[in-house]
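Visitor: Residues per chain are reported as follows:
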Amino acid sequence: MSSLKAVSVAFDMVTPYGWGTGSCWNGLLSKTSAIRRIDRFSTSLMQTNNAATVPDLKPNRDESLVMQMLTPLLKKIAPEIPPDTFVILATTTGEIEFLQRSVINGEQEAIKSRPDHLLNKIMLLAGTCAGGMVVSAACVSSSAAISRAASMIRSKERDSILVVACDSVSEFVTAGFSSLMALDRHMAKPFDKNRCGLSLGEAAGLMLLMSEERAVREKRDILGEIAGWGLTNDANHITGPSKDGSGLSNAVLNAMKSAGISEKEIGCISTHGTGTPYNDSMEMKAIKNIFGKNPIPLYSVKGGTGHTMGAAGLLEIIIGFETLNKKIVPPTVNLRDTDREAEGWVFPESQFFDSPVTLSTNSGFGGVNSALVLKKSEKIL
Amino acid sequence: MIAVTGIGWLTSKEYGCLISKVNETHEGLGSLYSYFKHKSYFSSPVKNFGRFDAISKMTCFSTALALKDAGISYSSKHKQDIGIFGANKTGCLESNLNYFQDYIESGRILARGNLFIYTLPSIPLAEASIHFGLSGPLLHLLFNEKRIPSLLSFVGDSITGGETPSILAISAEETDAICFVLKQEDDISPGMNVGLQNVIAAAGETYTFDEMINAFKGIV
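Protein chains in written order, with our numbering: chain L, 375 to 755; chain A, 18 to 237.
If you are wondering where the hints come from, they were derived from the structure by calculation, not from laboratory data.
Any given hint could be a false lead.
What the hints assert, rightly or not - According to the in silico footprint, chain A covers these stretches of chain L (three or more CB under 8 angstroms from chain A):
{"id": "1", "region": "519-528"}
{"id": "2", "region": "543-550"}
What the hints assert, rightly or not - Partial chain L-side listing against chain A, Cβ under 8 angstroms, derived:
{"id": "3", "residue": "478"}
{"id": "4", "residue": "484"}
{"id": "5", "residue": "507"}
{"id": "6", "residue": "510"}
All C-beta atoms, glycine included, are put in the ideal place defined by N, C-alpha and C.
Start from the sequences, fold in the hints, and give me the full structure.
Guide: Structural data, given as structure tokens:
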């Protein structure tokens, strides 16, 4: 095993529950969903009127929805970010309003919707000068970005990396998911017998990662470790997951190998858990392939936060660190009647657990799968 | 050490395999799929090729050429632990415009799922991974400088870091595309290949696609 650890020294986020990690954590523990009626565009011809939107965001010409989320987060954290920090942005649609306006009003600003333009704005606000890149892998984007950052730190290529993730609920994506008939008319119900689709959500988050050596040298608080990662592809279907879950199983196996741990050390699992019949079933198969008949608690946040697309992975990693520090597995919001496949694994109530290791998984269109092993900071232990 | 064992490229008029020194003209991208099937660059029909967006088609053409150049046979049924990373100039901007224009022109009644799916820049890579049976990591990247050298360097580091033994690095636009097969040097069968650093250096000194191909011809 490499001795170079990638550790998180700062994180923050805004979710449909509000600003800060605490509001999301408390929202999940309250078992109430942040999925609400969409009021920023007409949904009369969409599959649903609902999505998990961030309170008080308003479409306006001067600032995109994602910049309304990112600007306060970046201004708050900027003093902590060293200028030599590399920036990785994860998003699926970024500032898509520019493209929407370009098509609807004929304004020549579609090019401003490109994520590399957003990356430049982020680097300016973060005060960094060491370059950056955009990572895109559908709904795995931000967990893939975190794994790339950890890999770059482990290989000594970089020792300070800021990962930023964001996506907003727009007419562009809501119409698209409606066309795929992928949305629950009311609210997503991950792992429920009656689940019938996902609910879209929006969020933005950031995480500053450093090598453990640099974090200690700079006397940073270490909030947790990205201990291992695995990325695979089903190579099977563009919008549907592999039915046997083998692609995700392989990602989990690769992540455990990368972390140098066995499945016995994992205390709980943050699943992708979108609430679509196929995804949740595939995930249960993938997890049972590895953990056998000995259930460990697993959960999905998406009944509460909605599916925050490119931001989902990072949001779930931050919540994963919270589970380790608080020793609580959050409830799976909107779970009423647990699917038989998930019985004994997923719960509508929070659970206590005591392990310094957790796993976070995501899957996305194109057949992409990601698994990350998260460890509690040894300093906290 | 990482080596490049295959390089496939194409433009609207020509295509080639750099290691095996193939360089041919063609009659246009519109008829290239039939021509590639006839020449056995595709070992089986590419499912749904007709509905692919332009970048997905270019990604599949360049991947077929690069795998042929590297001597790698494939089947969609027998998956191989090969990754596929891509980087291009504008991501999926054109596909985003096509999808949303179509939705607005329909009176905002119903978007078309077939167009929506290509609004993710990683989808062309996924289309290729399905046909060629590539089950390693899949990522689309946008770099804010030196796109192809940055992509090659990133892919090389990912292999060195133990991610997977081989990764394809692809840069596909609507009218030109190039695909590189990268492998660990101790994982290479005897045959032609070129060192990754030489390829990165050659790519870094060029400005146009044609200049880049000519620079690569000079080092293989």
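Visitor: So, for every hint listed, does it hold in this structure?
Guide: Verification of the hints:
By the rule of at least three residues with a Cβ nearer than 8 angstroms to a Cβ of chain A, the coverage given for the region 519-528 of chain L holds, with 4 such residues. Counting residues of the region 543-550 of chain L whose CB falls under 8 angstroms from any CB of chain A gives 4; the rule of at least 3 is met. Proximity of residue 478 (chain L) to chain A holds as hinted, the smallest CB-CB distance being about 6 angstroms (cut-off 8 angstroms). Taken as an interface hint, residue 484 (chain L) checks out: its beta carbon lies about 6 angstroms from the nearest beta carbon of chain A, inside 8 angstroms.
Hint status for residue 507 (chain L): holds, given a least beta-carbon distance of 5 angstroms to chain A, under 8 angstroms. Below 8 angstroms, beta-carbon pairs count as interface contacts, and residue 510 (chain L) has one with chain A at about 4 angstroms; its hint therefore holds.
In this structure, every one of the numbered hints holds.
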